[in-house]
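Chain by chain, the residues:
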Amino acid sequence: MVFSSLTFLFFFLPIALLLYYISPRAMKNFTLLGVSLFFYAWGEPVYIILMIFSALTDYIHGRIIGRYREIRPLYAKLGLVSSLVVNLAVLSFFKYADFLIGSINSIIGTGVEPLDLPLPIGISFYTFQTMSYAIDVYRGNVRPQKNIITFALYVSLFPQLIAGPIVRYEIIEKELMNRTFQLSQFADGVRIFIIGLGKKVLIANSIGQLWASVESQGVSDLTVLAAWLGIIAFAFQIYFDFSGYSDMAIGLGKMFGFSFPTNFKYPYIAKNASEFWRRWHITLGSWFRDYVYIPLGGNRKGQFVLYRNLFIVWGLTGLWHGASWNYVLWGLYFGVLIGIERAGLLKWLEKLPRFVQHGYLLIAILFSWVLFVFEDINEGIRYAQVMVGLGGRPLYDTAFLYDLYTNGVLLLVAGLLSTPLFTRLWKQCVERSEIIRNEWIQTALQVVFFMAILFLSTAYLVDDSFNPFLYFRF
Amino acid sequence: MKRLNTIMIVVFAVFIGGVACMNLLAEDQPFSQAENRPLMQFPEVSLDRITSGAFTKDVETYLSDQFVHKRFWTSIKATAQKVVLKKDNNGVYFGEDGYLFEKFEPPSEQLDANSESISRFLEKTKGVSVYGLLAPTSIEIYPDKLPKFAQTASETAAIQRVEEQVKGDISWIDATGALKAAKEQPIYFHTDHHWTTHGAYVAYRAAMEKMGMAPLSSDEFAIRTVSKNFRGTYDAKANDPSVESDEIDVFEPKFHVSYDVDIDDGQSKMDSLYAWEFLEKRDQYSLFLGGNHRAVTIHSNVKNGRKLMIFKDSYAHALVPFLANHFEEIYMVDLRYDHRDMAQVVKEKEIQDVLFVYNIAGFAEDENLIWLRQ
Numbered sequence: 001m002v003f004s005s006l007t008f009l010f011f012f013l014p015i016a017l018l019l020y021y022i023s024p025r026a027m028k029n030f031t032l033l034g035v036s037l038f039f040y041a042w043g044e045p046v047y048i049i050l051m052i053f054s055a056l057t058d059y060i061h062g063r064i065i066g067r068y069r070e071i072r073p074l075y076a077k078l079g080l081v082s083s084l085v086v087n088l089a090v091l092s093f094f095k096y097a098d099f100l101i102g103s104i105n106s107i108i109g110t111g112v113e114p115l116d117l118p119l120p121i122g123i124s125f126y127t128f129q130t131m132s133y134a135i136d137v138y139r140g141n142v143r144p145q146k147n148i149i150t151f152a153l154y155v156s157l158f159p160q161l162i163a164g165p166i167v168r169y170e171i172i173e174k175e176l177m178n179r180t181f182q183l184s185q186f187a188d189g190v191r192i193f194i195i196g197l198g199k200k201v202l203i204a205n206s207i208g209q210l211w212a213s214v215e216s217q218g219v220s221d222l223t224v225l226a227a228w229l230g231i232i233a234f235a236f237q238i239y240f241d242f243s244g245y246s247d248m249a250i251g252l253g254k255m256f257g258f259s260f261p262t263n264f265k266y267p268y269i270a271k272n273a274s275e276f277w278r279r280w281h282i283t284l285g286s287w288f289r290d291y292v293y294i295p296l297g298g299n300r301k302g303q304f305v306l307y308r309n310l311f312i313v314w315g316l317t318g319l320w321h322g323a324s325w326n327y328v329l330w331g332l333y334f335g336v337l338i339g340i341e342r343a344g345l346l347k348w349l350e351k352l353p354r355f356v357q358h359g360y361l362l363i364a365i366l367f368s369w370v371l372f373v374f375e376d377i378n379e380g381i382r383y384a385q386v387m388v389g390l391g392g393r394p395l396y397d398t399a400f401l402y403d404l405y406t407n408g409v410l411l412l413v414a415g416l417l418s419t420p421l422f423t424r425l426w427k428q429c430v431e432r433s434e435i436i437r438n439e440w441i442q443t444a445l446q447v448v449f450f451m452a453i454l455f456l457s458t459a460y461l462v463d464d465s466f467n468p469f470l471y472f473r474f
Numbered sequence: 001m002k003r004l005n006t007i008m009i010v011v012f013a014v015f016i017g018g019v020a021c022m023n024l025l026a027e028d029q030p031f032s033q034a035e036n037r038p039l040m041q042f043p044e045v046s047l048d049r050i051t052s053g054a055f056t057k058d059v060e061t062y063l064s065d066q067f068v069h070k071r072f073w074t075s076i077k078a079t080a081q082k083v084v085l086k087k088d089n090n091g092v093y094f095g096e097d098g099y100l101f102e103k104f105e106p107p108s109e110q111l112d113a114n115s116e117s118i119s120r121f122l123e124k125t126k127g128v129s130v131y132g133l134l135a136p137t138s139i140e141i142y143p144d145k146l147p148k149f150a151q152t153a154s155e156t157a158a159i160q161r162v163e164e165q166v167k168g169d170i171s172w173i174d175a176t177g178a179l180k181a182a183k184e185q186p187i188y189f190h191t192d193h194h195w196t197t198h199g200a201y202v203a204y205r206a207a208m209e210k211m212g213m214a215p216l217s218s219d220e221f222a223i224r225t226v227s228k229n230f231r232g233t234y235d236a237k238a239n240d241p242s243v244e245s246d247e248i249d250v251f252e253p254k255f256h257v258s259y260d261v262d263i264d265d266g267q268s269k270m271d272s273l274y275a276w277e278f279l280e281k282r283d284q285y286s287l288f289l290g291g292n293h294r295a296v297t298i299h300s301n302v303k304n305g306r307k308l309m310i311f312k313d314s315y316a317h318a319l320v321p322f323l324a325n326h327f328e329e330i331y332m333v334d335l336r337y338d339h340r341d342m343a344q345v346v347k348e349k350e351i352q353d354v355l356f357v358y359n360i361a362g363f364a365e366d367e368n369l370i371w372l373r374q
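If you read the sequences in order, they're chains A and B.
So for the first sequence, my numbering puts the first residue at 1; every next one is plus one.
So for the second sequence, my numbering puts the first residue at 1; every next one is plus one.
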């Protein structure tokens with residue numbers, strides 16, 4: 001079940017909230033665990049066993065590491081290694097086995113059958129969370145959780161379960177054990193959730209149709225400007241989809257008393273690739289920084305180690321996004337960009353006017369999405385060739401003009417919402433105007449604004465399901 | 001800010017809880033008139049279905065199929081789309097003058113396969129006069145009413161492709177030319193993928209000419225408007241509440257006629273070519289001959305011994321009331337449901353004339369002409 005569905009909005013969510021808030025205080029974690037397991041089992045009736053297994057083993061690992069950390073460091077270390085091995089084995093087996101088989105087959109020409117296992121939803125997120133827990137217990141950053149219900153709740157907590165943010169144990173440790181209901185937190189949750197829903201349903205889904213329309217024309221029939229329009233549409237689609245989903249997760253977290261970390265901070269207003277990754281999927285970037293890059297020595301062990309570390313971290317970051325070579329290349333593309341920026345490009349860029357810096361970043365990002373979106377690398381290269389005018393294709397055609405003017409408003413809105421412009425304007429209005437600060441007016445404005453988004457999102461979701469089969473009924 | 005937060009939470013809870021309750025309390029519908037399809041019922045529960053994920057998937061379909069006041073929500077979405085200057089919704093263009101148009105996709109190999117099926121049929125029916133009528137849809141006749149730069153493939157080219165591909169003895173009736181010449185008349189519905197009786201009449205005249213018969217003049221009919229509130233299949237996709245409903249006109253002969261209509265080999269009988277009860281339903285085009293049936297046989301009071309077999313889609317339904325005045329017997333066959341060896345049937349029943357009536361958009365995707373090859 002995804003958050004942006006009628007089933008979630010009008011079936012799961014009301015029931016989950018109701019059950020949670022009528023549960024006595026001592027039972028709340030238990031209720032939330034039950035609701036979360038139901039949520040996961042809804043989409044993955046079989047793989048729920050895998051998640052429970054993951055939670056159980058990491059609970060035990062945490063206990064072992066915590067117990068021996070000071071008295072028998074070797075045992076603790078073995079516990080940590082065991083935890084990492086189990087997590088990585090589960091992740092590799094389900095996510096990367098076929099990728100590995102396919103790669104080996106094509107390199108040495110063997111014919112090993114792929115396993116064709118469906119990927120368990122959210123596995124990349126929850127294995128990363130449990131690994132961070134084991135490492136943090138080993139490092140002494142957190143105390144091991146002794147209550148199995150509480151720990152299982154951490155692993156399976158439904159708001160962040162299937163698409164992030166990656167919430168480290170230390171961040172919600174206190175809230176897992178003790179949370180109090182706060183009116184303002186719940187109301188914030190409602191607001192953030194609705195914004196996320198609107199981003200996903202009204203913007204990402206709509207602009208996604210533009211990308212789908214361009215993609216369906218086929219690379220060989222695309223015009224130059226249509227290729228640009230298409231990848232711009234995809235850039236908006238993935239940003240509004242992913243950040244919308246994170247917002248919904250954060251909002252839901254707040255409704256149940258949790259504060260999850262911010263995951264996106266207007267990434268497209270960045271001025272270079274390094275900054276982009278401090279604004280895009282922040283919890284993933286910081287995970288790799290804290291658990292891979294820094295342990296490998298970061299930038300403190302000389303030039304060679306620095307570039308080697310960048311290579312490893314960005315290759316892995318790419319691979320995390322999907323079991324296919326194009327994702328690895330996509331990650332390495334950023335590794336190279338960030339490497340070049342560190343080697344001096346950044347200092348040079350900073351002297352240039354700001355619009356040049358923004359232009360550099362946006363073009364770099366658009367080409368990165370070409371690499372990301374085509375699993376077939378050759379097709380991605382052909383697409384990029386059309387973009388730079390090497391495809392021998394005309395500049396534009398009427399199909400492009402139609403797509404442009406019928407999506408013009410949407411593109412403009414998506415562009416503006418990718419910047420903090422509206423948020424800033426609103427803040428200024430509130431600061432300057434006594435009238436807007438009036439509580440009743442503020443209330444009226446907010447209720448109308450947020451309910452309009454919720455209302456429209458519902459309409460768009462209903463039409464999505466409206467699937468006429470028009471010619472006959474048999 | 002305490003009050004603000006309380007109100008925010010209450011409004012949110014009332015909305016999601018309220019819609020949830022409305023859905024919970026509403027009775028399940030078996031069929032959607034608007035979408036013209038059966039709706040998902042609460043799925044069957046079994047361990048197998050639960051572990052395979054089929055159960056939960058079906059529950060999601062069930063919940064969205066049975067969502068209450070769907071039409072209200074979809075028209076909100078269509079209106080929002082128009083506000084942001086979208087010119088289409090669910091694949092249907094918002095045209096000028098209240099016209100809705102469905103895009104014609106470039107035809108696939110299915111079209112070529114269908115031509116081949118007709119060629120094979122012709123080999124087995126030598127000596128029988130076979131006619132073909134491929135009708136364009138409204139988008140081909142009114143390109144000037146399309147939104148600027150809207151994309152659609154050429155139906156005329158697709159029709160030509162079929163006419164060139166089919167080998168054997170067949171006479172093609174140029175419906176496209178006749179309809180284009182009559183474009184000032186209300187020959188197509190604004191909200192539906194069919195032609196009107198006016199369009200069918202134009203095609204009928206072209207057909208008669210090709211078949212060497214004299215068509216009846218429109219003066220011999222009384223044209224009566226039987227509905228003013230028809231909203232067809234295009235409307236069901238576009239959901240634009242600002243588009244006006246269509247009228248349905250019926251051409252009633254001023255001379256004496258009588259028909260015996262036999263549906264599906266005696267399953268039911270009618271003594272009229274119109275099933276008036278459909279005017280009370282959403283699917284008003286089924287007024288003509290009661291919609292799609294496996295096989296319909298019409299005996300008319302014309303005693304000339306001529307027998308016509310029609311392979312068809314629903315475009316034929318508005319056309320047959322005109323043809324019925326020229327043939328003693330008409331056999332209408334829907335190849336989706338009728339899988340007999342048709343060349344054999346033609347011989348057995350001593351049929352002299354065979355007519356194919358399809359709209360090109362449906363014909364290009366029809367997977368059932370293959371039954372003509374047996």
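Be a bit skeptical, because a hint or two may be false.
To be verified - In silico lysine-lysine, DSS-like type, Cα no more than 30 Å apart, as pairs:
| # | chain 1 | residue 1 | chain 2 | residue 2 |
| --- | --- | --- | --- | --- |
| 1 | A | 95 | B | 183 |
| 2 | B | 103 | A | 265 |
| 3 | A | 28 | B | 2 |
| 4 | B | 228 | B | 303 |
| 5 | A | 28 | B | 57 |
| 6 | B | 148 | B | 167 |
| 7 | A | 77 | A | 28 |
| 8 | B | 87 | A | 427 |
| 9 | A | 174 | B | 124 |
| 10 | B | 180 | B | 87 |
| 11 | B | 124 | B | 2 |
| 12 | B | 347 | B | 269 |
What the hints assert, rightly or not - So the derived label-pair ranges between C-beta atoms look like this:
| # | chain 1 | residue 1 | chain 2 | residue 2 | range |
| --- | --- | --- | --- | --- | --- |
| 13 | A | 455 | B | 365 | 28 to 38 Å |
| 14 | B | 270 | A | 218 | 42 to 52 Å |
| 15 | A | 315 | B | 105 | 35 to 45 Å |
| 16 | B | 50 | A | 375 | 26 to 36 Å |
| 17 | B | 144 | A | 21 | 34 to 44 Å |
Said to hold, decoys possible - Take a look, some chain A residues computed to stay more than 10 Å from chain B by CB distance:
| # | residue |
| --- | --- |
| 18 | 25 |
| 19 | 71 |
| 20 | 191 |
| 21 | 307 |
| 22 | 345 |
| 23 | 375 |
| 24 | 434 |
| 25 | 439 |
| 26 | 454 |
No lab work stands behind these hints, which were simulated from the structure alone.
In this text, a Cβ means the ideal position worked out from N, Cα and C, and glycines have one as well.
For each hint, the structure was consulted:
1. For the proposed pair residue 95 of chain A and residue 183 of chain B, the alpha carbon gap of about 59 Å is over 30 Å, so the pair is violated.
2. A threshold of 30 Å between alpha carbons decides the hint, and for residue 103 of chain B with residue 265 of chain A the separation of about 40 Å lies outside it, so the pair is violated.
3. Distance hint between residue 28 of chain A and residue 2 of chain B is fulfilled; the C-alpha atoms sit about 24 Å from each other, no more than 30 Å.
4. As the CA atoms of residue 228 of chain B and residue 303 of chain B are separated by approximately 36 Å, the hinted pair breaks the 30 Å bound.
5. The hinted pair formed by residue 28 of chain A and residue 57 of chain B meets the criterion: a straight-line CA distance of about 29 Å does not exceed 30 Å.
6. Distance check on the hinted pair: residue 148 of chain B and residue 167 of chain B sit about 39 Å apart at the alpha-carbon level, beyond 30 Å; violated.
7. Restraint check for residue 77 of chain A and residue 28 of chain A: not satisfied, since their Cα atoms lie roughly 34 Å apart, outside the 30 Å limit.
8. A threshold of 30 Å between alpha carbons decides the hint, and for residue 87 of chain B with residue 427 of chain A the separation of about 35 Å lies outside it, so the pair is violated.
9. The hinted pair formed by residue 174 of chain A and residue 124 of chain B fails the criterion: a straight-line CA distance of about 83 Å is larger than 30 Å.
10. Between residue 180 of chain B and residue 87 of chain B the alpha-carbon distance is near 24 Å, which keeps this suggested pair within the 30 Å criterion.
11. For the hint linking residue 124 of chain B to residue 2 of chain B, the alpha-carbon distance of about 84 Å lies beyond 30 Å, and the restraint is violated.
12. The suggested pairing of residue 347 of chain B with residue 269 of chain B holds, with an alpha-carbon distance near 25 Å, which does not exceed 30 Å.
13. Residue 455 of chain A and residue 365 of chain B have their C-beta atoms about 37 Å apart, which keeps the hinted 28 to 38 Å range intact.
14. Separation of residue 270 of chain B from residue 218 of chain A is about 49 Å and conforms to the stated range, judged on CB atoms against 42 to 52 Å.
15. Checked against the hint of 35 to 45 Å, the pair residue 315 of chain A and residue 105 of chain B passes, with Cβ atoms roughly 42 Å apart.
16. Between residue 50 of chain B and residue 375 of chain A the beta carbon distance is about 32 Å. The supplied range of 26 to 36 Å therefore holds.
17. As the Cβ distance of residue 144 of chain B to residue 21 of chain A is approximately 60 Å, the hint placing it in 34 to 44 Å is violated.
18. Every CB of chain B lies more than 10 Å from the CB of residue 25 of chain A, the least distance being 20 Å, so the non-interface label holds.
19. With a least CB separation of 45 Å from chain B, residue 71 of chain A remains clear of the 10 Å interface cut-off, as annotated.
20. Its closest Cβ contact with chain B, about 7 Å, brings residue 191 of chain A to no more than 10 Å, contrary to its assignment away from the interface.
21. Residue-level check passed: residue 307 of chain A sits 45 Å from the nearest beta carbon of chain B, beyond 10 Å.
22. The non-interface label for residue 345 of chain A is consistent with chain B: the shortest C-beta to C-beta separation is roughly 39 Å, beyond 10 Å.
23. Consistency note on residue 375 of chain A: stated as away from chain B, and its beta-carbon is indeed over 10 Å from all of that chain's, at 24 Å minimum.
24. Listed as outside the interface, residue 434 of chain A is consistent with that label: its C-beta sits roughly 16 Å from the nearest C-beta of chain B, beyond the 10 Å cut-off.
25. Not every CB of chain B lies more than 10 Å from the CB of residue 439 of chain A, the least distance being 6 Å, so the non-interface label is violated.
26. Annotated as non-interface, residue 454 of chain A brings its C-beta within 10 Å of a C-beta of chain B; the closest such distance is 6 Å.
Hints 1, 2, 4, 6, 7, 8, 9, 11, 17, 20, 25, 26 from the earlier list are contradicted by this structure; the remaining hints agree with it.
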